[in-house]
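Peer 1: Sequence:
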Amino acid sequence: MVTSPKVMQLVESLLRIILTIVFFYALKELLDVENDLLLAFFSVLCAFVLFRGLVLGFNKITAKK
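Be aware that the sequence shown starts at 0, since it is given in numbering that gives the first Met the number 0, and climbs by one per residue.
Hints are computed from structural coordinates only; laboratory data are not their basis. C-beta: ideal position from N, C-alpha, C; glycine also. Certain hints may be false.
As the list claims (entries may be wrong) - Computed spacing ranges between beta-carbons, pair by pair:
{"#": "1", "residue 1": "47", "residue 2": "5", "range": "34 to 42 Å"}
{"#": "2", "residue 1": "33", "residue 2": "3", "range": "27 to 35 Å"}
{"#": "3", "residue 1": "6", "residue 2": "32", "range": "18 to 26 Å"}
{"#": "4", "residue 1": "41", "residue 2": "3", "range": "17 to 25 Å"}
{"#": "5", "residue 1": "28", "residue 2": "52", "range": "16 to 24 Å"}
{"#": "6", "residue 1": "7", "residue 2": "43", "range": "15 to 23 Å"}
{"#": "7", "residue 1": "4", "residue 2": "28", "range": "32 to 40 Å"}
{"#": "8", "residue 1": "63", "residue 2": "6", "range": "20 to 28 Å"}
{"#": "9", "residue 1": "53", "residue 2": "24", "range": "32 to 40 Å"}
Please work from the sequences and hints to get the whole structure.
Peer 2: Here you go:
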């Protein structure tokens, strides 16, 4: 299955947005933080780290084959 780079960039962007929103609301529910900007920063940071980890893991798994 061949996909274009534009489609892959779109999928990556959508996945990052979804991860950021999920982390934001999960952290907002778990922590009692009044500053939403600080919460948004940590949710973006967590989503970035998780996404990079998933990409590196996926690349490592597919490189072995």
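Peer 1: Evaluate each hint against the coordinates.
Peer 2: Hints versus structure:
For residue 47 paired with residue 5, a C-beta distance near 22 Å fails the hint of 34 to 42 Å. Distance hint for residue 33 and residue 3: a CB-CB separation of about 44 Å, inconsistent with the stated range 27 to 35 Å. For the pair residue 6 and residue 32, the beta carbons lie near 36 Å from each other, so the given range of 18 to 26 Å is not met. A beta carbon spacing of about 34 Å between residue 41 and residue 3 contradicts the range 17 to 25 Å that was offered as a hint.
The given range of 16 to 24 Å is respected by residue 28 and residue 52, whose C-beta atoms sit roughly 23 Å from each other. Taking 15 to 23 Å as the suggested C-beta distance range, the pair residue 7 and residue 43 conforms, at roughly 21 Å. Hint check: residue 4 to residue 28, Cβ distance near 36 Å, so the stated range 32 to 40 Å holds. A hinted range of 20 to 28 Å for the beta carbons of residue 63 and residue 6 is consistent with their spacing of about 25 Å.
Checked against the hint of 32 to 40 Å, the pair residue 53 and residue 24 fails, with Cβ atoms roughly 20 Å apart.
Checked against the numbered hints above, the structure breaks hints 1, 2, 3, 4 and 9 and satisfies the rest.
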